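Undergrad: Quick mapping for you: the protein sequence lines, in order, are chains Y and H. As numbered in my numbering, residues 486 to 616 make up the first sequence, in order. As numbered in my numbering, residues 4 to 84 make up the second sequence, in order.
Keep in mind that the hints were calculated from the coordinates and are not lab data. A couple of the hints might just be wrong.
Here are the simulated DSBU-like cross-link-like pairs (lysine-lysine), alpha carbons at most 35 Å apart as the crow flies [unchecked claim]: (1) K616/Y - K27/H; (2) K27/H - K522/Y; (3) K27/H - K596/Y; (4) K616/Y - K522/Y.
Since the structure is predicted, the reported quantities are computational estimates derived from the model, not experimental observations.
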Amino acid sequence: MVDLLTIIISKYNYWGYIVLMMIGLYAMIVKKNLVKKIIGMSIFQTAIIFFYVSIGMKKNATIPIISHGHDGGEHAVHAVDFINPLPHVLMLTAIVVSVATLGVALALAIKVYQQYNSLEEDEIDSQIKVK
Amino acid sequence: MIWQLDLIILTFVIFCGIGAITIKDLLGAAILFGAYSFMMSLLWAIMGAVDVSFTEASVGAGVSTVFFVSAVFRTTRRTKD
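Chain Y with its partners taken away, still in its complex shape:
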């Protein structure tokens, strides 16, 4: 029982990931304002990036930079001493994709505002039904 509790508490990064992901999902589903929905989408994306970076984390390891790389790499590199850099490199792409998604979503929100003069979803819905 104590072992199980220790395991659950020591994985607090994953609990934070779950909380952030649920905040983003709640904002995307429940909030009526379009900009709030877009903020929720961004929080959701950063939560997933956070999960992937947490996977690559390692205890008693340093950042993945070889400090003696200038001598042609004659020394052997122990992978145990370095944090796994593969999830980081994958998530760099995800960050760039997320800012592109954000730009497109905000441009669409501005077009919706010019058309219906409102950012609230229920007001836009009622205007669509009148037409």
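Fit chain H to the given chain Y structure using the hints.
TA: Then chain H, alone, in the frame of chain Y:
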């Protein structure tokens, strides 16, 4: 990784996220989202992902906040929830 610092920054991130979606002003939401992104970049620097941290500080906290603020100026600050 220093786990005390990691836990404190993670709490800041969660509170900034909750604040960004509950505040009843879109400009305030944009600023709180910028704070959220900055805290996230600090978290990644602590977790050893320095390249991700650089990119998040420039793209997430910089460009995203500019996008949100300009979008709020082109539309309206009013929000119901």
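Undergrad: A separate judgement is required for each hint: does it hold in the structure or not?
TA: Right, here's what the structure says about each hint:
1. Proposed proximity of K616/Y and K27/H is supported: the alpha carbons are some 30 Å apart, at most 35 Å.
2. Proposed proximity of K27/H and K522/Y is supported: the alpha carbons are some 13 Å apart, at most 35 Å.
3. Proposed proximity of K27/H and K596/Y is supported: the alpha carbons are some 22 Å apart, at most 35 Å.
4. The hinted pair formed by K616/Y and K522/Y meets the criterion: a straight-line CA distance of about 25 Å does not exceed 35 Å.
Hint compliance for this structure: no hint is broken.
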